[in-house]
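Please build the complex by placing chains B and C on the supplied structure of chain A, with the hints as guidance.
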Amino acid sequence: MATAAERVSSSEREKLEAIWETAPGLLGTLGTVDHKVIGIRYIVTAFVFLLMGGVEALVMRVQLAQPNMHVLSPEQYNQLFSMHGVTMIFLYALPVLSGFSNYLWPLMLGSRDMAFPRLNALSYWIFLFSGLFIYASFAIGAAPNDGWFNYVPYASAEYNPGPNIDFYALGIIFVGISTTVGSANFVVTLLRTRAPGMSVNRLPIIVWGTMTGSVANLLAVPAVTLACAMLWLDRNYGTQFFDVKGGGQPLLWQHLFWNFGHPWVYVLVLPAMGIVSDALPTFCRRPLVGYTPVAIATVTTMVVGFGVWVHHMFATGIPVLALSFFSAASFIIAIPSAIAVFAWIATIWTGRPVWKVPLLYFAGFIVVFVIGGVSGVMTASVSLDWQLTDTYFVAAHLHYVLLGINVFPVLGGLHYWFPKMTGRMPDERLGRIGFWIIFVGFNLAFFPMHVSGLFGMPRRIYTYPAELGVGGLNLATSIGAFLFAGGILVYLTALLRGYRNGAPAGPNPWDAPTLEWSVPSPPPAYNFAIIPQIASRHPLWEDRLEDVEDRSRLDRGFLLDRGRETLGVTPLDAEPDVILKMPGDSLLPFLLALALSILFVALLVTALWVAAVAAALLLAILIAWLHPVERPLEERLRVDG
Amino acid sequence: MAEIRTLDETLPVQGTGRVGTAWWGMVCLIATEALLFAFFIFAFLYLGTQSAGDWPPGGPPALRLALPNTILLLASSVVLQWGLGGVESRRRGRWLGGLIATIVMGTAFVAVQALEWSNKPFGMGSNAYGSAYFSLTGLHMAHVAAGLIALTVILVWSLLGRFSPERHEHVSLAALYWHFVDVVWLTVFTTVYLVPRFT
Amino acid sequence: MRKGAPLLCAAALPLGGCASRPLDYLEGYSQASRPLVALAWGFSLISLAVCLIIAALVTAALMRRRSPEEGEALAVRRDGGGMRWIYVGVGVSVPVLLAMTVWSIATVRAVAAPPRKPRLTVEVTGAQWFWDVTYADPEIPAGRFGSANEIVIPTHEPVRLVLRSRDVIHSFWVPKLGGKMDMIPGQTNIHWIEADTPGVYRGQCAEFCGLQHARMAFTVTAVPLDVWQRWRRLQLSGALRRPLDSAAAATGQNVFLQRCAACHSVRGTGSGGNLGPDLSGLGARPTLAAGTLPNTPANLAYWIGHTQDVKPGSRMPEVQLRADEQAALVAYLEAL
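Protein chains in written order, with my numbering: chain A, 1 to 641; chain B, 1 to 199; chain C, 1 to 336.
Hints were generated in silico from the structure; no laboratory data involved.
We put the CB at the ideal spot given by N, CA and C, even for glycine.
Any given hint could turn out to be false.
[Stated by the list, open to error] For the chain A half of the interface with chain C, some residues (derived, Cβ under 8 Å), not all of them: (1) Ser-381; (2) Ser-383; (3) Thr-389.
Excised from the complex, chain A in its bound form (with noise of 0.2 Å):
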C-alpha cells in the first residue's frame, strides 16, 4: 500500500518538515529533541561503552589464559574486572536498549515524538556525562575496585581509602537519574501517545518489554541510589549505615543492591527479549505465535523478579527456611521464560524461515538463552548454589543471560532497523561472517566457565594455581573471547560497508509487518505526515492475513500540523482525546546536565560550595524548563487523506 507521505501533498510535507526538523548548528546539536538522533546517540554511545568493557575483558583475558601470570597486577586486575562489570550493565546493556526503544517507540506507536521530548534529551546527555564521570576514574589511576556490586566493607574508606568507590557510589547515582527520567519518559508515553487503535493488545512486545522495564526501574533504582547515598556518606561524613563499629549492617548493603540488581537485569533483558518477538516474525513470514501469552509472560517476569533478591546472597547465614523461599521464586521464574522461548521455536516451525542475517542471531539467541536459563535454575537451588556461588559458574551463567539476550537481540535488531535508521542495507555477507565468527567465539569463550566453575575456580582472582587443573579451560575461555571481539569487529564492518556503499533501502526492505515499516527509510523529522487509525498488530500485514478484518488507515488521518503536534489517546483503548503540543530544540537538557556533572564532580572532591552553586544553576534552568507557556484551549482536528 502506497505509504501515508504519498497520499499528502508535497507542500504540506513541506510544512511539517519545516516544523519539525533539527535546528542548524550548535542549537541543533546540543539542543535536539528529535528521539530518532537521540536513539541513534544512545545507540552508538553504548556501542562505543561495550568496546571498552570489552577491552578491559580481553586484557584480563590475557592474564588469565595461563595460571600465574604476571601481565597485571592485583589492583590493576581489580580495577579492571569492576569497570568492566559497570561499564556493561550500566554503560552499555540499559543505554542500548534505551536507544532502540526511543528510536522505535514513535515510529512503532504512531506518534510524533515520545511523551517528554527535552526529558529525553536530558536522559540521553545524563548517560553520556556520567559515563564520562566514571571513566575519568581511570584517567587518575583510581578506578572502582570492588566489583560491579561493590560489597562493604570491602568498599568503606577504611579499606578502600582513595576516591575509588567515591567514583562508583557517585557514579551509580549519576546515570540513575537518566534510568530513572528515561523510564518516566516510556511510561507516559506508552500511556498517552500512541496512534487512534494502537490498543494495549496490538502493541509491539518491544514496548511491552521496555514499559515493563520502566515500570520497574522506577521502583527499583531507588534501592541502588539510597545505598550508594549511605555509602557516600559513610566514606566521607562518618556515618555509620554499614560499619559494624557503629552497629552498622553490611548486610543492609546488600540487602539494597539486589533489591535493585536483581529486577535490574530483568530491566536489561525483557525489551531485548522484545525485539525478538517483533522481529522474528518478519523473518518467518507469520505472526508471533502466542502474543498474548508472551506479553503476559514479560509482565510476570518482572513481577516475580522483585521476590528473588535473595538469591544472591544464599551464603550469608540467613535461615534456610526464608532462603526456600526465594529459592522457590527463582525456580518459578523460569516458567514464564519457557513460555516465551516455545512461542518463538513455534514461530520458526510453523513459519518460513528467511535466511537473513537478523534470523541467524533471532535463532541462536533461543539456543543461548535456554543455557542461560537452565545454569539459572541449577543456582536457584540453595544448596546447590552453596557450591556454585562465588565460582565461574556463575560468571558462565550471567554471561549467557547478558550476551544471549542482551546482545545477541541487539546485534540482530540493530541489522534489522539498520536500513530504518541510515536507508541503506548492512552488508549481508560480511554480516553471516560476523555471526559464525562471534556465535562460535562466544560459546567457545563462555561454555568452558560452567566447567571451571564446577572444578571449583573461584570468582574474581587475579591469577590461579596450576594445581586447580584449570589451565587449559581458561586458555580455551581466552581465545574465544578474542574470536568473539574479531567477530565484533566483522560485524561493525558490516554495518560500516552498508552504511558507505550499501542498495538504497525502500521503507520496508525485509517486508516487515509493524507501522515503523510504512514511513521512509529514513524517516522524516515528523514521522507521520498523517497520524495512522490503527486496526490490528500488523498494520502491514491487514491484506495477506485471512482472519484479520478489520483495516487499518494508513492513508488518512489526522494532519496535525499548527506547530509540532501529536496525539494523545487514553491509556488502554488508545482513542483519541488531547492534542500535545511538544516542544522544539532547546539548550536546557544539555545545561541541565551539564549542571549536575557539576554537582556532582563537587560532592566527589566534597567542595560543598560548588555543589551549593551547582544545586542553584540546577534550579534556574528548572525554573527556565517549567515555566508555563500561553496555549489555546482547544483545537479543532483536522483530517487528511
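Below, chains B and C alone, put in the same frame as chain A:
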C-alpha cells in the same frame, strides 16, 4: 491530492490532569520517590531489628516537638488544598492567601525540626541509629525544602498572573507533590517516633 | 615428641583430597558434600539434556522441509498449531522444574545441619588474607589453642565451625567437604564440616576481599580420631614437633621474638602478636602464606624476605635478615 477536510471534533490542547501528560510525569516522580522512602524505612527497620543493643540507643525520640510539627505539616496540606479552590474559582485572595500560608507553615515545620535536631544528644556519625535518624528525617526535610522552593516560584508566577481557572497545571501538580510529601512524613513519623514505642 | 609430623603425614594420605583438581566438587568426601555432588551431576545432566533438546528443536524448525509455496515465496500466512507448542513445552517444563525444586529442598534439609551434635568446635576468623583458626573444647576451657591457615580434624566427626571476620567479608569454602558460608564482620555464622576419608583438602576464600583474594587458600587435614587426639595433645604441650639442638632452637626463637612477635605468636613462647597468623605448628602445615606456596624451608625463607613478590599487597612487610638469622629462624619455624 486529497482535500483537507475539517472533522467536527475539537480536542483540548495540552490537557489537564489525566488527560495531559504532566500529571502522569508527576505520578512517576512520586512513585519513584515513594520507593526511595520505602527502602529507607526498610533500612531503618533492618538496622533496628539487627542491632545488638537497644534501638533507639537512648530510647524512643520525644514527641514534644515532633507531634505538633506533624499536625502543622498536615494542616498545611489542608490549607493548600483550600487555596487551590481559589485558583479554580478565580478568587485571587483565597489562592494567594492559601499559598503564602502554606509556605509559612512549611518553613515553620523545617525550623521546628532543625530545633529538634539541635537538641539531640547524638550526631549523624555517633552510631547507626544517629546516621539513620538524621538521614531519613533529613531526606524528608530536603523534599519539604524542594516543595517550598517550588511553591515560592509558583507564588511569583501567580503574582505575574500566569495562571487561570482553565490553565493552572503547575499549581495542581505542586499541590499533589506537597500532599505526597505530607503522606511520606506520616510514614516516616510513624516509623521513627511511634513504632519504637510499641516494640 | 616426634610423633606429630609422621602421624599427620602417614594418616593424611591424599586418598581423596588432592585429586587432580583440588577444588572440584563433582566428588565429595563428607555427608555435607555428597548430596551436593548428586545434585550437581543430576542438575547438570538435566540442563544439558534441555539444551540439546532445544537446540535440536530450533535446528529442526529452521531446516525442516516445507511444501513448496504456491505463488510468492515470501507469502505471509498464519498456519495453525502454534499454541500447541506452548502448551506442550510449558506442560513438560513445569513438572521437571517441580521435581528439581523438590530435590533441591530435600538436599538442603540433608546438608544444612550436621547429622548429630558435633563434639568439636573450631572457630575460624577470616582476615585479609589469611585464616585465623582456634580449636575450642567445650569441656576444657583451657584446652583452646590457636593456629592458622590449616584446620586439622578427625574423620567421621562432624565439626562445628564458628565463622567470623576481622575486616571485610570473606567466605569459608572446602568444596570436597561441603558448601560455602560467608564470614561477615559483626556477625557470627555457624557452619559445619566433616570428612569421612583421611586426606588433605583444599579450601579457598569465596568472597572477593581485596588485593590477595586470589591467594587466600587453606587446607583441611583429616586424620583418624586417635591420630587427631595425639596431634591435639602435642599442640597443647607446646613442645617442638621436631628436635633441634638447643642452641639452634634458642637462636631461632630469639630471632622470632625480636623480628616477628610484634605481629605473630607461637604457643609456649609468651609471644602475643595477633596482626598476622598464629605460627604455632607451622612446620607441619602443607602450605605457606595461606595456600600460596608448598611448605619447604627454601620457600619459607623466600616468603619472609619477598612477601610482596609472592603476594603483592600482603600486609606482611619484607623482612630482611642476615643469612645466619634467616637460617636459624627457618629451622626453628619448620620445627614447630
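So, going through the hints one by one against the coordinates:
Using the Cβ-Cβ criterion of 8 Å, the hint placing A/Ser-381 at the interface with chain C is satisfied: the shortest such distance is roughly 4 Å. This hint holds: A/Ser-383 has a C-beta 4 Å from the nearest C-beta of chain C, less than the 8 Å allowed. About 7 Å separates the beta-carbon of A/Thr-389 from the nearest beta-carbon of chain C, less than 8 Å, and the hint is met.
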